[in-house]
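Student: Read off the chains here:
2 protein chains.
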Amino acid sequence: VTVARPTPLSGFPELLPAERFVELRVLDSLRASFELHGFAPVETRAAEPLEQLLRKGEIDKEVYLLRRLQARDEPAEPGQATAEGNAADGTADASTLGLHFDLTVPFARYVLENSGKLEFPFRRYQIQKEWRGERPQEGRYREFTQADIDVVARDVLPFHHDVEVARVMAEALSKLPVPALTLQVNNRKLIEGFFSGIGAPDVPAVMRVIDKIDKVPAEIIATMLVSEAGLDDRQAELCLALADIRASDSSFVARVQALGVQHDLLAEGLAELAAVIDGCAGMNTDRFSVEADLRIARGLDYYTGTVFETRMAGFESLGSICSGGRYDSLASDGRTSYPGVGISLGVTRMLLPLFNRKKLTASRSVPSAVLVALPDEDARAGSDAIAGQLRANGIATEVAPAAQRYGKQIRYAERRGIPFVWFPAGPDNPHEVKDIRTGAQELADPATWRPPAEDLRPQVVRPEA
Amino acid sequence: VTVARPTPLSGFPELLPAERFVELRVLDSLRASFELHGFAPVETRAAEPLEQLLRKGEIDKEVYLLRRLQARDEPAEPGQATAEGNAADGTADASTLGLHFDLTVPFARYVLENSGKLEFPFRRYQIQKEWRGERPQEGRYREFTQADIDVVARDVLPFHHDVEVARVMAEALSKLPVPALTLQVNNRKLIEGFFSGIGAPDVPAVMRVIDKIDKVPAEIIATMLVSEAGLDDRQAELCLALADIRASDSSFVARVQALGVQHDLLAEGLAELAAVIDGCAGMNTDRFSVEADLRIARGLDYYTGTVFETRMAGFESLGSICSGGRYDSLASDGRTSYPGVGISLGVTRMLLPLFNRKKLTASRSVPSAVLVALPDEDARAGSDAIAGQLRANGIATEVAPAAQRYGKQIRYAERRGIPFVWFPAGPDNPHEVKDIRTGAQELADPATWRPPAEDLRPQVVRPEA
Chain E
9 VTVARPTPLS GFPELLPAER FVELRVLDSL RASFELHGFA PVETRAAEPL EQLLRKGEID
69 KEVYLLRRLQ ARDEPAEPGQ ATAEGNAADG TADASTLGLH FDLTVPFARY VLENSGKLEF
129 PFRRYQIQKE WRGERPQEGR YREFTQADID VVARDVLPFH HDVEVARVMA EALSKLPVPA
189 LTLQVNNRKL IEGFFSGIGA PDVPAVMRVI DKIDKVPAEI IATMLVSEAG LDDRQAELCL
249 ALADIRASDS SFVARVQALG VQHDLLAEGL AELAAVIDGC AGMNTDRFSV EADLRIARGL
309 DYYTGTVFET RMAGFESLGS ICSGGRYDSL ASDGRTSYPG VGISLGVTRM LLPLFNRKKL
369 TASRSVPSAV LVALPDEDAR AGSDAIAGQL RANGIATEVA PAAQRYGKQI RYAERRGIPF
429 VWFPAGPDNP HEVKDIRTGA QELADPATWR PPAEDLRPQV VRPEA
Chain P
9 VTVARPTPLS GFPELLPAER FVELRVLDSL RASFELHGFA PVETRAAEPL EQLLRKGEID
69 KEVYLLRRLQ ARDEPAEPGQ ATAEGNAADG TADASTLGLH FDLTVPFARY VLENSGKLEF
129 PFRRYQIQKE WRGERPQEGR YREFTQADID VVARDVLPFH HDVEVARVMA EALSKLPVPA
189 LTLQVNNRKL IEGFFSGIGA PDVPAVMRVI DKIDKVPAEI IATMLVSEAG LDDRQAELCL
249 ALADIRASDS SFVARVQALG VQHDLLAEGL AELAAVIDGC AGMNTDRFSV EADLRIARGL
309 DYYTGTVFET RMAGFESLGS ICSGGRYDSL ASDGRTSYPG VGISLGVTRM LLPLFNRKKL
369 TASRSVPSAV LVALPDEDAR AGSDAIAGQL RANGIATEVA PAAQRYGKQI RYAERRGIPF
429 VWFPAGPDNP HEVKDIRTGA QELADPATWR PPAEDLRPQV VRPEA
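As you go down the protein sequences, you meet chains E and P in turn. Take the first sequence: its letter number 16 is residue 24 in the working numbering, and every next letter is one higher. Take the second sequence: its letter number 427 is residue 435 in the working numbering, and every next letter is one higher.
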């Protein structure tokens with residue numbers, strides 16, 4: 009295959025092997041965390057009918073449509089969604105396929121499609137690529153990976169699953185090789201109840217203004233609460249006082265109560281949020297914390313209780329890298345409703361800025377811990393056999409590609425970061441293995457020798473951490 | 009998200025969680041095999057400019073094009089490939105993006121794009137989704153996963169890498185929980201040299217006919233060799249005699265030589281094929297074999313030496329599930345050429361028919377080995393703590409969703425295939441754990457108890473194997 013000029017595509021990031029090692033280590037860690045808590049793996053197809061992708065409405069412009077290049081050669085298959093709907097005139101119809109832009113819409117469809125084969129409550133994790141046609145910038149890509157967990161039930165999902173989902177993602181996040189993370193939790197009942205309790209005439213309008221609080225100075229927010237949400241100055245002041253509350257324990261409850269607002273929904277939300285924060289007690293370290301943050305609103309309108317966002321220290325401009333919440337109806341087929349609670353980690357959003365700023369990489373660019381040297385080209389079978397013995401003990405090994413002088417073979421290993429070079433026994437010499445970082449060389453038996461555990465696989469390296 | 013009617017999409021298969029466990033186990037196994045041999049992980053973007061996808065020519069009609077739904081709202085970005093090229097009139101231009109239909113084309117582009125950052129010879133594995141708009145049937149899907157390994161060099165790639173690639177994939181395949189596999193190897197130099205040696209006037213025409221040998225009876229092939237490739241009866245007979253040769257050791261060399269055909273390229277091909285077969289000696293078991301099969305031609309024209317195909321016993325109608333070979337130029341930027349040798353396993357093609365015919369599944373549909381029962385709703389914190397102790401020992405655990413009577417909680421575990429139910433200690437009773445398959449119940453300490461190793465994770469189950 010001859011490819012004249014490779015074309016970098018803005019928004020479609022690709023990794024070098026050392027970075028891909030780190031990404032795989034992160035994905036493995038997430039998967040292990042999720043499975044330890046009983047979450048089952050699901051993968052959905054990349055494409056969904058456009059009509060299902062557009063149900064959320066507001067982000068329709070980000071969808072990538074699919075069209076078969078030669079679609080017009082074949083008749084449409086009746087009764088079946090196809091990708092050729094837009095072939096004739098460039099427009100999209102209901103049977104057009106698009107690439108999914110999140111994992112929630114396809115998971116909702118999967119739950120309905122397989123509801124007779126799943127046991128509820130159903131816990132699943134899903135780690136996949138997604139595509140959005142938005143303008144690329146740091147933290148925003150056209151192709152990216154997310155890792156979602158959700159618990160979904162039939163008809164009723166008890167509140168304790170909100171606590172569960174927070175704990176599972178908190179545990180998963182706390183194990184990642186990244187800067188300090190803060191999982192921020194709030195509750196829509198709490199803030200909606202509060203806004204109702206102060207007598208706000210248009211609660212959704214208050215929510216929309218409060219949602220901008222990270223981007224707009226507080227005094228402008230106060231003005232907007234009056235002009236756009238119809239509050240008086242005292243009400244606006246109370247909203248800002250609420251949004252100012254954050255705590256890593258349930259002390260926030262007393263601070264909210266001290267504002268003197270009464271509402272049943274507020275009380276319910278306070279109790280729920282306290283339960284989530286108490287449930288995550290003991291998980292806080294210097295690298296990870298869970299806190300109640302009463303500013304968090306989540307713009308999308310389908311959350312009905314707990315809401316989550318996550319900030320990464322030093323990378324606040326990325327916004328939230330891990331978000332989610334409780335929705336009373338993840339999916340519904342008209343007869344049955346499926347409430348859910350879930351949270352989604354933006355793996356690419358979290359890792360790419362770390363890779364690009366050289367804050368995260370791997371100790372080597374190949375899996376090999378050992379390079380078996382080649383005394384001469386006729387000795388390849390012997391070197392292959394040594395490599396086979398090492399591999400049988402789980403040691404990733406490659407054999408030198410050519411019988412150059414040993415100095416060149418050592419430099420081959422050096423360029424790849426391979427820590428050990430094995431010199432095969434000959435008529436006059438025994439097996440020896442050299443740590444090329446220290447120069448230390450020792451006699452060794454290929455059947456029993458093992459490298460130090462930390463050299464067995466490429467290590468995650470955080471240059472400035 | 010309300011989804012009225014879920015729409016199954018023909019050609020876009022999805023798995024239930026138990027099947028996905030098996031697929032993940034297979035992918036983990038492949039990855040471990042490839043890494044043991046020093047192959048580094050690469051993942052490429054899903055989309056490539058259409059002009060690069062179509063360089064192979066013949067399969068252009070299978071490409072899915074991408075188009076942003078709202079692309080016409082924005083001006084094109086000059087000098088950059090975009091997905092909006094086909095928005096205006098439904099036609100595709102050079103800057104249109106399409107989904108990749110294999111991993112070779114994107115890898116070739118990746119090698120050129122990153123040639124200054126990679127060390128050659130470069131070994132990589134790549135396990136990803138691909139998309140082809142062809143008509144779905146068993147073994148052929150519109151979305152599917154392949155696992156590729158390739159070794160690519162700058163300018164010259166020594167032949168021993170052909171042996172290496174065969175051995176690595178053979179070792180990887182031999183560890184998979186599938187019916188018996190046969191890796192069939194041939195060499196294009198061998199058959200081209202043979203056809204030249206018999207005096208065939210049009211060697212490519214002979215190759216095209218021989219490539220149909222699995223689908224067409226031998227007597228028709230003989231007729232076609234005469235009518236379509238210009239051979240005489242004696243030449244056609246020799247070609248069929250060659251195609252009839254297969255062997256799991258290098259005894260095929262003498263059988264070819266006995267046909268009395270002389271050609272330098274034939275001799276070179278025979279030596280190479282013997283080296284691959286000898287290099288895989290000792291890997292044959294009752295579940296896996298490597299053999300020289302002199303019928304294998306591989307229709308695509310870019311292979312120049314070793315060629316591979318793979319058959320799965322009882323699933324011969326799928327054709328080859330794992331194919332590849334040597335190509336003198338994987339990629340070229342005009343100045344430098346990158347020869348390669350590689351092989352690609354059709355993971356979906358191999359597994360889906362096994363899932364659909366109920367020949368492969370997992371022992372349970374959840375990762376959980378233990379369900380911690382809930383004596384009453386107030387005891388949730390205690391049951392959560394026990395679950396936490398078990399998880400700290402690597403035991404996947406979930407807590408019962410509701411404090412129903414124990415019989416119902418046991419049935420909750422049963423429906424999911426969870427083998428153990430943990431009954432928390434109370435004021436009058438110690439901790440006990442029950443194997444719900446046998447009914448055996450024993451005293452246990454959550455800090456130290458461990459299930460049998462085979463119950464720790466879902467097991468791969470082969471019902472009729």
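What the hints contain is simulated information worked out from the structure, not anything from laboratory work. You may find that some hints are simply not true.
Chain copies aren't distinguished; within one or between two, either way the pair holds.
What the hints assert, rightly or not - With a cut-off of at most 27 Å between alpha-carbon atoms, the simulated DSSO-like pairs for lysine-lysine come out as follows:
| id | residue 1 | residue 2 |
| --- | --- | --- |
| 1 | K137 | K125 |
| 2 | K367 | K416 |
| 3 | K183 | K366 |
| 4 | K220 | K125 |
| 5 | K416 | K223 |
| 6 | K367 | K137 |
| 7 | K366 | K416 |
| 8 | K183 | K367 |
| 9 | K416 | K183 |
| 10 | K125 | K223 |
| 11 | K367 | K220 |
| 12 | K220 | K416 |
| 13 | K125 | K366 |
| 14 | K416 | K137 |
| 15 | K366 | K220 |
| 16 | K125 | K367 |
Student: Take the hints in turn and mark each one as holding or not.
Tutor: Hints and how they fare:
no.: 1; hint: K137 to K125; in the structure: both (25 Å within a copy, 25 Å between copies)
no.: 2; hint: K367 to K416; in the structure: neither (31 Å within a copy, 51 Å between copies)
no.: 3; hint: K183 to K366; in the structure: within (20 Å within a copy, 38 Å between copies)
no.: 4; hint: K220 to K125; in the structure: neither (42 Å within a copy, 42 Å between copies)
no.: 5; hint: K416 to K223; in the structure: neither (56 Å within a copy, 51 Å between copies)
no.: 6; hint: K367 to K137; in the structure: within (23 Å within a copy, 29 Å between copies)
no.: 7; hint: K366 to K416; in the structure: neither (29 Å within a copy, 53 Å between copies)
no.: 8; hint: K183 to K367; in the structure: within (17 Å within a copy, 37 Å between copies)
no.: 9; hint: K416 to K183; in the structure: neither (40 Å within a copy, 35 Å between copies)
no.: 10; hint: K125 to K223; in the structure: neither (45 Å within a copy, 39 Å between copies)
no.: 11; hint: K367 to K220; in the structure: neither (30 Å within a copy, 54 Å between copies)
no.: 12; hint: K220 to K416; in the structure: neither (60 Å within a copy, 47 Å between copies)
no.: 13; hint: K125 to K366; in the structure: between (46 Å within a copy, 15 Å between copies)
no.: 14; hint: K416 to K137; in the structure: neither (41 Å within a copy, 39 Å between copies)
no.: 15; hint: K366 to K220; in the structure: neither (31 Å within a copy, 53 Å between copies)
no.: 16; hint: K125 to K367; in the structure: between (44 Å within a copy, 18 Å between copies)
Checked against the numbered hints above, the structure violates hints 2, 4, 5, 7, 9, 10, 11, 12, 14 and 15; every other hint is satisfied.
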